[in-house]
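Asker: Protein chains in written order, with our numbering: chain A, 1 to 249; chain B, 1 to 249; chain C, 1 to 216; chain D, 1 to 224; chain E, 1 to 243.
Please keep in mind that the hints were generated in silico from the structure rather than gathered at the bench. No experiment lies behind these values; they were computed from the predicted model shown. It cannot be assumed that every hint is accurate.
Stretch-level coverage of chain E by chain D, calculated; a stretch enters the list once three of its residues show a Cβ under 8 Å from a Cβ in chain D [stated by the list, open to error]:
| # | stretch |
| --- | --- |
| 1 | 66–72 |
| 2 | 138–151 |
| 3 | 159–166 |
Label pairs and their in silico Cβ distance ranges [to be verified]:
| # | chain 1 | residue 1 | chain 2 | residue 2 | range |
| --- | --- | --- | --- | --- | --- |
| 4 | E | T98 | C | L22 | 39 to 47 Å |
| 5 | D | A204 | A | H135 | 35 to 43 Å |
| 6 | E | V18 | C | L22 | 48 to 56 Å |
Covered, in the sense of this in silico footprint (three residues per stretch, anywhere, with C-beta under 8 Å from a C-beta of chain C), are these stretches of chain E [to be verified]:
| # | stretch |
| --- | --- |
| 7 | 49–63 |
| 8 | 188–194 |
Note that beta-carbon positions come from the ideal geometry of N, C-alpha and C, so glycine has one too.
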Amino acid sequence: MSPVKTPLVKLSAIRKSFGPVEVLKGVDMAVEEGQVVAMIGRSGSGKSTLLRSINGLERIDGGVIEVDGECVDPGQIDLRALRQKVGMVFQQFNLFPHLTAGENVMLALKVVKKQDKAATRAAAESALAKVGLGHKFDAYPSQLSGGQQQRVAIARSLAMAPKVLLCDEITSALDPELVAEVLGVVRKLAEEGMTLILVTHEMRFAREVCDRLVFMHGGRIAEQGPPAELFDRPSTPELAQFIGMVEAR
Amino acid sequence: MSPVKTPLVKLSAIRKSFGPVEVLKGVDMAVEEGQVVAMIGRSGSGKSTLLRSINGLERIDGGVIEVDGECVDPGQIDLRALRQKVGMVFQQFNLFPHLTAGENVMLALKVVKKQDKAATRAAAESALAKVGLGHKFDAYPSQLSGGQQQRVAIARSLAMAPKVLLCDEITSALDPELVAEVLGVVRKLAEEGMTLILVTHEMRFAREVCDRLVFMHGGRIAEQGPPAELFDRPSTPELAQFIGMVEAR
Amino acid sequence: MLNFTLWDILSNLLLAARWTVLLSLIAFVSGGIAGLLLLVARVSPVPPLRLAAKLFIEVFQGTPLLMQLFIVFFALPLIGIETSAWTSAAVGLTLFTAAYLAEIWRGCVEAVPKGQWEASASLAMTFPEQMRHVILPQALRIAVPPTVGFSVQVVKGTAVTSIIGFVEVTKAGTMITNATFQPFLVYGLVGLIYFALCYPLSLSAKALERKLNVAR
Amino acid sequence: MAYSFDFSSLLDYTPVLVDGVATTVGLTAVSTVLGVALGVGGAAARTSTVKPLAVVVGAYVELIRNTPFLVQLFFIFFGLPSLGIRLAEWQAAVLAMVVNLGAYSTEIIRAGIEATPKGQIEAGASLGMTGPQIFRYVVLGPAMAKIWPALTSQIVIVMLGSSVCSQIAAEELSFAANFIQSRNFRPFEVYFLATALYLALAVALRWIFSLMGQRMFAKGVSRA
Amino acid sequence: APTYAKADALERIAKEKVLRVAVPQDFPPFGSVGTDLKPLGYDIDTATLIAKEMGAKVELVPVTSTNRIPYLTTGKVDLVISSLGKNAEREKVIDFSTAYAPFFNGVFGPDDIKAEKAEDLEGKTVGVTRGSVEDIELSKIVSDKVTVRRYEDNNGTISAFLSGQVQLVATGNVVAAAIFERNPPRQPIMKFLIKNSPCFVGLNKNEGPLLEKVNAIIAKAKDDGSLNDIAKKWLHAPLPKDL
Ligand SMILES: Nc1ncnc2c1ncn2[C@@H]1O[C@H](COP(=O)(O)OP(=O)(O)OP(=O)(O)O)[C@@H](O)[C@H]1O
Ligand SMILES: Nc1ncnc2c1ncn2[C@@H]1O[C@H](COP(=O)(O)OP(=O)(O)OP(=O)(O)O)[C@@H](O)[C@H]1O
Ligand SMILES: [Mg+2]
Ligand SMILES: [Mg+2]
Numbered sequence: 001m002s003p004v005k006t007p008l009v010k011l012s013a014i015r016k017s018f019g020p021v022e023v024l025k026g027v028d029m030a031v032e033e034g035q036v037v038a039m040i041g042r043s044g045s046g047k048s049t050l051l052r053s054i055n056g057l058e059r060i061d062g063g064v065i066e067v068d069g070e071c072v073d074p075g076q077i078d079l080r081a082l083r084q085k086v087g088m089v090f091q092q093f094n095l096f097p098h099l100t101a102g103e104n105v106m107l108a109l110k111v112v113k114k115q116d117k118a119a120t121r122a123a124a125e126s127a128l129a130k131v132g133l134g135h136k137f138d139a140y141p142s143q144l145s146g147g148q149q150q151r152v153a154i155a156r157s158l159a160m161a162p163k164v165l166l167c168d169e170i171t172s173a174l175d176p177e178l179v180a181e182v183l184g185v186v187r188k189l190a191e192e193g194m195t196l197i198l199v200t201h202e203m204r205f206a207r208e209v210c211d212r213l214v215f216m217h218g219g220r221i222a223e224q225g226p227p228a229e230l231f232d233r234p235s236t237p238e239l240a241q242f243i244g245m246v247e248a249r
Numbered sequence: 001m002s003p004v005k006t007p008l009v010k011l012s013a014i015r016k017s018f019g020p021v022e023v024l025k026g027v028d029m030a031v032e033e034g035q036v037v038a039m040i041g042r043s044g045s046g047k048s049t050l051l052r053s054i055n056g057l058e059r060i061d062g063g064v065i066e067v068d069g070e071c072v073d074p075g076q077i078d079l080r081a082l083r084q085k086v087g088m089v090f091q092q093f094n095l096f097p098h099l100t101a102g103e104n105v106m107l108a109l110k111v112v113k114k115q116d117k118a119a120t121r122a123a124a125e126s127a128l129a130k131v132g133l134g135h136k137f138d139a140y141p142s143q144l145s146g147g148q149q150q151r152v153a154i155a156r157s158l159a160m161a162p163k164v165l166l167c168d169e170i171t172s173a174l175d176p177e178l179v180a181e182v183l184g185v186v187r188k189l190a191e192e193g194m195t196l197i198l199v200t201h202e203m204r205f206a207r208e209v210c211d212r213l214v215f216m217h218g219g220r221i222a223e224q225g226p227p228a229e230l231f232d233r234p235s236t237p238e239l240a241q242f243i244g245m246v247e248a249r
Numbered sequence: 001m002l003n004f005t006l007w008d009i010l011s012n013l014l015l016a017a018r019w020t021v022l023l024s025l026i027a028f029v030s031g032g033i034a035g036l037l038l039l040v041a042r043v044s045p046v047p048p049l050r051l052a053a054k055l056f057i058e059v060f061q062g063t064p065l066l067m068q069l070f071i072v073f074f075a076l077p078l079i080g081i082e083t084s085a086w087t088s089a090a091v092g093l094t095l096f097t098a099a100y101l102a103e104i105w106r107g108c109v110e111a112v113p114k115g116q117w118e119a120s121a122s123l124a125m126t127f128p129e130q131m132r133h134v135i136l137p138q139a140l141r142i143a144v145p146p147t148v149g150f151s152v153q154v155v156k157g158t159a160v161t162s163i164i165g166f167v168e169v170t171k172a173g174t175m176i177t178n179a180t181f182q183p184f185l186v187y188g189l190v191g192l193i194y195f196a197l198c199y200p201l202s203l204s205a206k207a208l209e210r211k212l213n214v215a216r
Numbered sequence: 001m002a003y004s005f006d007f008s009s010l011l012d013y014t015p016v017l018v019d020g021v022a023t024t025v026g027l028t029a030v031s032t033v034l035g036v037a038l039g040v041g042g043a044a045a046r047t048s049t050v051k052p053l054a055v056v057v058g059a060y061v062e063l064i065r066n067t068p069f070l071v072q073l074f075f076i077f078f079g080l081p082s083l084g085i086r087l088a089e090w091q092a093a094v095l096a097m098v099v100n101l102g103a104y105s106t107e108i109i110r111a112g113i114e115a116t117p118k119g120q121i122e123a124g125a126s127l128g129m130t131g132p133q134i135f136r137y138v139v140l141g142p143a144m145a146k147i148w149p150a151l152t153s154q155i156v157i158v159m160l161g162s163s164v165c166s167q168i169a170a171e172e173l174s175f176a177a178n179f180i181q182s183r184n185f186r187p188f189e190v191y192f193l194a195t196a197l198y199l200a201l202a203v204a205l206r207w208i209f210s211l212m213g214q215r216m217f218a219k220g221v222s223r224a
Numbered sequence: 001a002p003t004y005a006k007a008d009a010l011e012r013i014a015k016e017k018v019l020r021v022a023v024p025q026d027f028p029p030f031g032s033v034g035t036d037l038k039p040l041g042y043d044i045d046t047a048t049l050i051a052k053e054m055g056a057k058v059e060l061v062p063v064t065s066t067n068r069i070p071y072l073t074t075g076k077v078d079l080v081i082s083s084l085g086k087n088a089e090r091e092k093v094i095d096f097s098t099a100y101a102p103f104f105n106g107v108f109g110p111d112d113i114k115a116e117k118a119e120d121l122e123g124k125t126v127g128v129t130r131g132s133v134e135d136i137e138l139s140k141i142v143s144d145k146v147t148v149r150r151y152e153d154n155n156g157t158i159s160a161f162l163s164g165q166v167q168l169v170a171t172g173n174v175v176a177a178a179i180f181e182r183n184p185p186r187q188p189i190m191k192f193l194i195k196n197s198p199c200f201v202g203l204n205k206n207e208g209p210l211l212e213k214v215n216a217i218i219a220k221a222k223d224d225g226s227l228n229d230i231a232k233k234w235l236h237a238p239l240p241k242d243l
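Just chain A, with the same shape it has in the complex (with noise of 0.2 Å):
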């Protein structure tokens, strides 16, 4: 037996609430170096809001956050190491419209991680590459395909080199033929051993490429385990419910 590893994410008994609403109720959830977590859950059932609290994006306002070892204080105000560690990428790329493909890799490696030029460039090279962008690497976002944009968005977060990468519905913006691109480099991310906690709604993909799938429902984990095992027998009727919406297309 291996020895028990400390996971990498660990999130426990996390609360948030937006005004009134409570929007997570009490999440629990660990994650260990190299593991593939794919969350899926009806619209609002708080994935988004779970992911961003990862990266303090959203501040939450009970439970522990733990990353790497280190604790996430709610009311922490310097992010800036977490985040060094915490990649995201957003569904809809956020690109900085106003810089090349090259520059929107380097800005960071530049002014937070002060890397020098050369370094910057070296790492913004071999991280387009690795999107299979390399020749890419002085065209604007507006000159890019969809598919092509979120993939420069991943680049950037990977030149970062994060422990863990979040990706939040990467897929759902795009135009239906260019999704196979995007999911192609997620899937080699998996494959070479990159932390990943990915929102989607791409059930096929989940449960080719995931170790573990995570079914949020009503701001709580109703469900989690291998995909295989939930897609073919739910214990709950949520998820049940779920499924067969998703695939009554």
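Given chain A's structure and the hints, the job is docking chains B, C, D and E with the ligands onto it.
Answerer: Here is chains B, C, D and E with the ligands on its own, set in the frame of chain A:
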């Protein structure tokens, strides 16, 4: 054998360029009354442009469009008659936000068809009832879910009693769990004998509901025929690739 | 010799402020009407009309109001059109206001999503019908805050009418300064009067804008 | 029409007109640079989390935007000497124009900043950037690109507004026009010419700014 | 002549019984405003007198030295009685009556500044009202080393002097005296005279009958002492003999 029917919509050698780029390179197509046609193809292949040409939102550069026996001149300015025969539903719903659902449906009946108040109201009520929203007559678009808004948009077109209804990716802007309710309405229309031309990415739906599938590629119709046939035995490599791509997820 | 008490100064300035207010109202109302016509021309599908409106706007936004007033007042008589100070000020301010409002409103019309034009066209509506029932109701709603905001510019613009003989607040201010030798006090008061006229307008423009953003 | 136009009498005054145009251009150029810089600072202050700073800048903006430029100019030139602050006419003119443009551009740039999609800021934050870094590298560029047309219009307005600086004897274009017409008693010719020159300046200014905009905000940020 | 206006002003005045006169409101004692902001002064009294003689009501139009000529040439007023000085260039554009008021212009400044002749102005800043006679005469006698600031109207000139924006002003002696009388923060004291340049009534060209009528009225007023009364009232001195 039945007599040769004149098609309701007949496109011959349609050409359209945006600036230097030729987007439609000579498209021929005929749709008979009561037929349900789905157009598929990669992004940029010209599906929307073709659809928009049929009701004159794009002015074509060459070719002939005939709707219900009447010719649509490429240079013609008065499109009102045509547009009363051709309804259109958009991806982004495009409901008038300052009007209630009922008023949205009634507006064109009032100002275009000059119907009296009672007739207008009756028509609007029946159209809304048809899409299952009889009870939302006085709701503003902002008070409706995406799926409901799209159904109002369909009702708005239906109320004008068009001969043919064009639908351009009408479920693409919807949350996954709302797609089914809109497709349900379209399915019902198809069953009731409405002539429909749809651009869609919902392959399963296309397969079940449509009489004919039209595969566009690079501004041309690359292939068309009964859905089952096309899906199972694509005769062009482009279609084979497209099907692979869409199903890869 | 003459002695202006603080009350003399203030009452004279306030009396002069009547003209400022009246001129502003005239400019705003007639400028609004002219601006609406100009707007329709500017976005109409008729190219010559669009061009003419564009040219008009370009000229009136590209030259100082001071010069416009001077030309209306002193040059129109040269071609045989008699203009009183009142009509000149009204005409000059109206044209000026119309040009700016038309441009502001064009921005609002263009802020109405293209899909609204297309949806209404697909329902077989004509350009006037689209404008009347679909575009303007939406555009005018978002136009309210910037329009109220622009009224501040109109109020301030009336200061320039002193060139053609109007004794409005600014002119009264210079005259009184000259008689009292108290520029700091007098111009301070003049500034305050304008502020009292304009600030409520600015505030309501902001409030309207906030309301609009919430409503959406 | 009884009046006979005679533009030839303007020829003698060409140097005066040239000086006037040059002064107008100079005043506009200096106050544009300083005024926009002030506006960037003001906008940063107004959107900052430091409340008192935001309030002070807010008061400045409101005060300036709700009083006529002419009154501000008179106050600075004629009023401030009572407090022992005496400025030359060009200094007063530049100060008034900078203060005026500063207030307007603060508002304009602030609007641009606030129109920055939240996702952009979140993306910057997720990369570990600090607030000021996000402002400097992520927000400012696209905000400027977005408000460039509005800023251009405001600068044109300030340029046209500089015509009232003639009232404190700053020798710009309107001053030249007034000077000439008071000598040759031919106001119509002079004012028509001056108006045309203003129009030309305004058109040139817009053109220059749109060129600058195209260069600076070339590909990435279209106005959409 | 480059002048617009119908050559029947006198007829119109007789018919409508209104005489429209451009008068200053920023040039005491010729024209300034009372606490009700109504114009008063030498020029205003002269205008009233001429109107009375014509049997018409006077309509006073306050003008600045910048816009008084356009007011006249566009026919918005019949006469300009606005301490207008005469020179050859101006005579090409409008007509002048005989003189109705004396006017000596000079350079004025506070006690502590010494200036006895034009050369002494070098290195100093002098304010003057653009387009006034003082402006034109001053421009003739000073060198490049003198900074001349030209203001839109007399309000500007006077304000500039009083607020110290200019060291000296060129203006009329009586104007300076009137300012002095109001006890201002800086006192204009006579440094030297520039020119004797009496004031004339300005009229449009081609208004022969009106010109004759105005001249006749002025001559009569000089004879019967009514103009002298106005002079004594506003200038505290009788009309000079040579006027
Ligand atoms: N900033 C906010 N202010 C107020 N309510 C919010 C905010 N962000 C999210 N919510 C609410 O919190 C709930 C959970 O939202 P969240 O975005 O986490 O859901 P989700 O599971 O990601 O849904 P989706 O699949 O639509 O992205 C929703 O009801 C949402 O309306
Ligand atoms: N108004 C326009 N101006 C310029 N180019 C246009 C315009 N509209 C469409 N195009 C171009 O025409 C081509 C065809 O576009 P169209 O929208 O018809 O494709 P589509 O098949 O509907 O794609 P999608 O699946 O993305 O909707 C594309 O390359 C597009 O960029
Ligand atoms: Mg979400
Ligand atoms: Mg399309």
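Asker: Does each hint hold? Answer for all of them.
Answerer: Hint check:
no. : hint                             : in the structure
1   : 66–72                            : holds (count 4)
2   : 138–151                          : holds (count 3)
3   : 159–166                          : holds (count 5)
4   : T98(E) with L22(C): 39 to 47 Å   : holds, 42 Å
5   : A204(D) with H135(A): 35 to 43 Å : holds, 41 Å
6   : V18(E) with L22(C): 48 to 56 Å   : violated, 24 Å
7   : 49–63                            : holds (count 3)
8   : 188–194                          : violated (count 0)
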